[in-house]
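Using the hints, position chains B and C against chain A.
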Amino acid sequence: MVGLHKSEFKNPVINWIDTRMPVFTMMQKEYGSFPTPKNFNYFWNFGALAMVNLVLMIATGVFLAMNYAPNSAIAFDSVEHIMRDVNWGWLIRYAHMNGASMFFIVVYVHLFRGLYYGSYKTPRELLWMLGVVILLLMMATAFMGYVLPWGQMSYWGATVITNLFSAIPLVGKSIVTWLWGGFAVGNPTLNRFFSLHYLLPFVIVGVVFLHVVALHITGSNNPLGIEVKSPQDTIPFHPYYTIKDSVGICVFFIVLAALVFFAPNFFASPDNYIPANPLQTPAEIVPEWYFLPFYAILRSVPNKLGGVVMMFGAIAVLFVLPWLDTSPVRSARFRPIYRQLFWLLVVSVFALGAVGAHRPQGIWVVIGRLATLYYFLHFLVILPILGKLERPLPLPESISRPVLGGGPMPGGSTAKPMEKA
Amino acid sequence: MADTAAHSSPSGAGHSHAGHGPGDGATKRDFLKMVAGAGALVGAGAIAWPLIDSMNPSQDVLALSSVEVNLAPIPEGSGITILWQGKPIFVRHRTAAEIKAAEDVKLGELIDPQTDADRVKPGHAQWIVLIGICTHLGCIPLGNKPTDPRGEWGGWFCPCHGSQYDTSGRVRHGPAPLNLYLPPYAFENDTKIKIG
Amino acid sequence: MRGLKFLSLTVAAAAVAATFPAAAQSGDKAEAKAPVHEISTADIPVPPLPHVDWSFNGPFGTFDRASAQRGFLIYQQVCSNCHSMDQLYYRNLEGIGLSEDQVKAIAASVQVPGGVNDQGQPIERPGRPSDHFKAPFPNEEAARAANGGAYPPDQSVLELAREGGPDYLYAILTGYADPPPGVKMMSGMNYNTYFPGHQIAMPQPLQEGSVQYTDGVKPTLDQEAKDVVTFLTWAANPEMEERKQTGVRVILFLVFLTGVTYAVKRRVWSDLH
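Chains as they are written, first to last, in the working numbering: chain A, 1 to 421; chain B, 1 to 196; chain C, 1 to 273.
With the rest of the complex left out, here is chain A:
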C-alpha cells in the first residue's frame, strides 16, 4: 500500500483516518511535540491571542450578520434592533466592537515584540512579511466594518478614507467613483463594504495559515534572539506552551470582559450613535484609535498626494524592514543603542496617536511632523547605519546556558560576539 501513512495512533478510528490523511500526525508534530525554544516570555503569548481573537471576531460577526441589514435606509436601525431585541444581541455586538480594538492591541504588541527581539531577521523575513499582509488585511476589514453601523462617523470616515485615493494622479477620481459605486458614499458603498467585510476575515485566516507554516519551517525566535543549537534548548510545544498560552488567553478574556461589560463604548465615538447624514459633517472626524498614528502621518504632510504616500509608506517600510536593519544581532537585549531607539520609536508612535486624535493646530502640527520624521528616520536611516556602527553586547552561548560570552565558560564563544543571523 504505497502512499499510505504509517500512523502511530492507538485509537482505531483516529488511526484509520490518520493512515489515509495524516492530520493527527501533523497536529501532533506541529502543536504537540513541536520543539520550541524554552525561554519564551509572556510576549510570545500574543500570536496565540491574535488567533483566538480572530476566531472570536468571526464567530460574533457571523451571528451579527444574521440580524444586520446592509441597507443605508435601515442599517442603523438594524444595529439598534440587535442591541435591544435580539437575545444577547448587545453582548455579541459589544464583543465584536471591543474585540476589534483588542485585536489591534494584541497585534500591535505582537508586532512591536517582533521589532524588539528582531524576529523579522533572516531566515524569518517571509514570516514577517506575511504578518504585515495580515495587518493590512485587518486594517481594511476594520475600516469597512466601522462603516456598517451607518452612523455619522461611519459615513464620514468612509468618505474621507475613500477620498484618499483621489490623490492618485489622473485616475484618482475615477477610482473613488468606482469604490463608491456612485458619486458619494451611499447604499452601493455600504453593500459592497458589507460583502468585503464578511469575505476578508477568511482571507486573513488563509494568510494566518501561511504565517504559521512559515513559522514552523524556521522555528520561533526567542528573547535571546539566538538560534536553537541543541535539543536541550527546546521543549515540546505541548504541554508547556499550550498551558502558558492558556494563561494569557484567560487574562485576555478578563480585559475583553471588562470592556464589554463595564465600558463598552470606551473606544467608541459618540458621533457614531447619530445616524449618517450626508448633509452634515461632524465637528471632528476622528478614525478609530488604531488608525490614529497613520491618520496623523497623513495630516502631517502638507501635500495631498504626499500625505497619502507617506501614510501607506509607513506600512510599506515594514515590508522591507528585514533588509533595512543591517545588524546581525537580533534581540535588542544585546543592542544597547537600538534598545533605546526602539523606545523612542514607541514614544513617537504614541505621540502620533495623540496627534491623530486632535485638530491639526498649533503644537499638534509640530509634534506630528517631528514624530513622523522620526518614524521614517528610524527605519530608513538609523537602522541601516546603526547595524554597522553599534557594538553589540556579547551573546550567550546557547539558550539552555544563558551565560554571557564574557564569562569563564569552557568552550564559550567569547571570540565571536556576534551571532551570524
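Mixed in with the good hints, there may be bad ones.
The calculated lysine-lysine pairs, modelled on DSSO-like cross-linking and capped at a C-alpha distance of 27 Å, are [said to hold, decoys possible]:
1. C:Lys104 x B:Lys121
2. B:Lys192 x C:Lys104
3. A:Lys29 x A:Lys304
4. B:Lys121 x B:Lys192
5. B:Lys194 x B:Lys106
6. B:Lys192 x C:Lys134
7. B:Lys194 x C:Lys134
8. C:Lys104 x B:Lys194
9. C:Lys104 x B:Lys87
10. B:Lys192 x B:Lys145
11. A:Lys388 x A:Lys229
12. B:Lys100 x B:Lys192
13. A:Lys6 x A:Lys29
14. B:Lys121 x B:Lys100
15. B:Lys192 x B:Lys106
16. C:Lys134 x C:Lys104
17. A:Lys29 x A:Lys10
18. B:Lys87 x B:Lys121
Since the hints were made in silico from the structure, they are not lab data.
Below, chains B and C without anything else, positioned relative to chain A:
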C-alpha cells in the same frame, strides 16, 4: 473559545505522562488540570450559548406572538380568519344547532376521539378557536367564509385532499389523521380573547 | 472616543511637556495675546461638566426606577412635543417598572397607522405595546418647519451620542442662562453655558414645576433634569443592568479560571527546573 478548551482540556493531558512526578504532586496536578479543563469547557459553553440563543425569536418577534381578538363583530354562524405567529387562526361563532351537533356525536364515530367540551372554553361553547392548518399535509381548509364549502359535517373542508372537519374542528373524513389543533388562548372577557 | 480622548490627552501632554517644553509655553502665550474685538459666543470657553452621582454609575449601578418613571412623565409631557424616540417600543417601558396594564394604557392613548380599510383608505387604531413610540412629526422636514429650521434629534440613543453622556445632558438642561453682557445672540437662539458655541435652538425645556409628580417628589429643575436624564440613559442602554450583572459573574469566573490555569502552568513548568 474552542482554542481555550483544546489547550487545557483533560483530553490534551494524555501526552504529558513523561513529565509526571511521583506521589502527591501528580495527583494534585491532575486535579488542577481537571478543574482548569472543566472551567475551559464551561467558558466555551458560556460563549457559545449567547450565540446560539441569538437565533431564537427576538423580543420584537415575541411581542407579536400574542394577539387580542375582539369577538363582538362576529355574527352567529360565521367566522373570521386572523394571523397569529404566521399561522391562520379560525374563530367561529357557532349556532346552537352547530353546538348541539358537535356535542351529540358519539366518541366511537370519531377518527381522533375528543369531546366538544375539551375543545372549547367552559361557558363559551359558542366560540370555537382553531389553528386553520389541515393535519394531513398543511393546507388551509375552506369553510370560514359564508361562500365556502363546509363539507358534509358543516365544519371545514380541505380542498387539497378532501379531508372534512365537523363544527368542533374534529376530523370526520380522511386522509387527515388528527383533529385541527387548538391554539393556546384565553378569554379576557366575554367578547375578547387573547391568543398566545 | 469617550475614554480614549482622556488617555491620549494625557499621553500627548506628557509628550509635549517632556519633549518640547518651550514650544508648549509659546503656544499658551500666543493664545493669551489674541486680540479681543467683540465677544463671539464661540470664544467663551465651555466649563467642565458637572459630575452627577447617578444611580446607574459604577459596576453595580442600577436605574432608579422611580426617577426613570418620573423622567418618562417628563418625556411624555415635555420632550415628546418635539423629540422622537424611534427605537423604543411601548413594551420597553416595563423595563422601568411600569406594569403591563400601565403600558397598555400608555400605548392605547396614541393613535397609530393601522393599515388600510376595505376601501383602501389608511386608517388609525389605538397603539399597542408592540408599537414603536409615536413620533411628534411625520418626517424631518415637518420637524424642522415646526422648530424654526432646527431638527430636534431623536432621543433613543442621545445619551450615547453626546460626549459626556448623562452629565452632558444634565448640564444642558440646567445650563440655560442670560448671555454675558456684550454677547450678540442670533435670533431664535438661546444661551446655554454648556452647549458647544453656547447658542442652542431649543428654548429652555424644563423649569421648576414643569410637571406635576404624582409621588410627592418636588419638581425642582434639578430634580426634573436628573429624572429625565435617568430615563434617557435607560432608553439608550436598556441592557445596562443585565450587562453589568452578567459582567460581574463573568469576571469572577474568569479570575478563578486564570488562577487555576496559572497553577497548572506552574506545576507543568516545575518539571523543567
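**Q.** Hint check, failures only
**A.** 3, 5 and 15
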